[in-house]
Amino acid sequence: MLIVKSLSFSFEHRRLFQGVSFQVEPGSLLHLKGANGVGKSTFLGILAGIRKADKGSLEFIDQEKKAHSDIRMVSAYLSAEANGLYTKMDAIDNLRFWCTLRGLNPSDDDLVSSMETWGLGHRLLRQNFPVEQFSTGMRRRLALARLSLSQASCWLLDEPIYGLDDKGIKLFRSHLKEHLERGGLGVIISHDKLAFEGIKTVDYHLKSRVDQAKNEKKDQG
Amino acid sequence: MKPSFFSQYWCMVSQGWKADLADKERLITPLLFAITVLLLFNFCFEEVSKGIEGQVFTAELYLTTLFALQMSYVRIFVPDQQDKVFSLLQSYPLNYSAWFLSKYTLALLYSLLVFVPVMLLCGLFFSGADLNIWSAELWLGGLLSIIGLSTLGILLSTLTLKASGREMLFPLLYFPLAVPVLLASVQASLSFLTSVPGGWHWMGILAGFDIIYFTLGVLLFGELVTAV
Chain A
1 MLIVKSLSFS
11 FEHRRLFQGV
21 SFQVEPGSLL
31 HLKGANGVGK
41 STFLGILAGI
51 RKADKGSLEF
61 IDQEKKAHSD
71 IRMVSAYLSA
81 EANGLYTKMD
91 AIDNLRFWCT
101 LRGLNPSDDD
111 LVSSMETWGL
121 GHRLLRQNFP
131 VEQFSTGMRR
141 RLALARLSLS
151 QASCWLLDEP
161 IYGLDDKGIK
171 LFRSHLKEHL
181 ERGGLGVIIS
191 HDKLAFEGIK
201 TVDYHLKSRV
211 DQAKNEKKDQ
221 G
Chain B
1001 MKPSFFSQYW
1011 CMVSQGWKAD
1021 LADKERLITP
1031 LLFAITVLLL
1041 FNFCFEEVSK
1051 GIEGQVFTAE
1061 LYLTTLFALQ
1071 MSYVRIFVPD
1081 QQDKVFSLLQ
1091 SYPLNYSAWF
1101 LSKYTLALLY
1111 SLLVFVPVML
1121 LCGLFFSGAD
1131 LNIWSAELWL
1141 GGLLSIIGLS
1151 TLGILLSTLT
1161 LKASGREMLF
1171 PLLYFPLAVP
1181 VLLASVQASL
1191 SFLTSVPGGW
1201 HWMGILAGFD
1211 IIYFTLGVLL
1221 FGELVTAV
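Chains A and B, in that order, give the protein sequences.
Heads up: the first sequence runs through residues 1 to 221, numbered per the numbering used here.
Heads up: the second sequence runs through residues 1001 to 1228, numbered per the numbering used here.
Hints in this document: simulated from the structure, not taken from any laboratory.
Please note: incorrect hints may appear among the correct ones.
Calculated cross-link-like contacts (lysine-lysine; reagent style DSS-like; alpha-carbon spacing at most 25 Å) [stated by the list, open to error]: (1) K214(A) with K5(A); (2) K1084(B) with K33(A); (3) K65(A) with K1002(B); (4) K1002(B) with K88(A); (5) K207(A) with K167(A).
Some chain A residues close to chain B (C-beta under 10 Å, calculated; not the full set) [what the hints assert, rightly or not]: (6) V24; (7) A82; (8) L156.
Idealized CB from N, CA, C, for every residue including glycine.
Can you make the complete structure from the sequences, with help from the hints?
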């Protein structure tokens, strides 16, 4: 279970959001909603450990009821505008590197089969073929292959279907569904509902500063 | 499964090395720059008079190394900045000391790739001079100097990672902070080259600064990385 308590964040003396609290149960997908520029990606970055919140706390309680205050141990993050791949290196090297960094030791067969699952099965794509020569969709598929290899319980997804074709989107949905059925959980930002079509989500609306101020005034009134 | 310190360290070192081999230009440029600077120095100085050979040798050696290594250090995070790899690394359960040590090992390796050829080339240019170029102490002094410069390079490279005008800011910070290491290296080397006593005194100072910079590196790297 992911527990977010009173999270606040300011950027260059401008309050972006404050007092954000929610819980995500195992098997649930939280859809983080909000207008452009409201701070959704920044918020996800805080959950992923890339940024530090000004106030508030994060906690993840795993299936053995063990609490993790550093949720980097149990989460896998997918950024919106980038895939986090060493572009001069090949796909297998990239996958192996990120797995080893997590303490996983997948065999070559595991890596190849993961690539095959994501439609990157052609043998020429695996080795001695730099990722920079992949198309946008192929890079996204490789990043998703890394995500599914991560064995992380909590998926943090920022516009995950960016660049994917119809087949890729279907594949992503089936993996996401499988992850949730296994007891995993996720937080997703996506303006395209195709990303989670057919999957039950819990919505959380991240409010802009103006909306927050209006609400505060209303409460005072 | 919690990843071990050593597996993360080794994974980062081998990945960094592979990433740099995949982009050889970044690896070779500092060395080519160093060779060009050395050649220019030698064309400028022509015949060096007997009394100042030691001074010219150490000046050429350390100035060339300092400038060339600055190019290496400022680019140490370039592979991690592509496709937001750095952000993803921040989101991984990565031990900051393992991360620092891996970058430090790579910086040390790149420094050796510049320093050793520069030293050999300097030795070649000054082969006719009465200098103790092959003394072990001289090489040890060189090693201690690059140990200090590498730590400084990693720290400042991390500090200026997101700074605007990074290419300008890095040398502005690097050169003044490198002065103690440079000064001690030059004095120690000069002493060993010309067989004048006092070299070990300067080596002690050099080792002291290495320890200070390395400790700062281990302690500050995590803070710098999370602040980026």
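Fill in: Indices of hints not satisfied (ascending)
4, 5, 6
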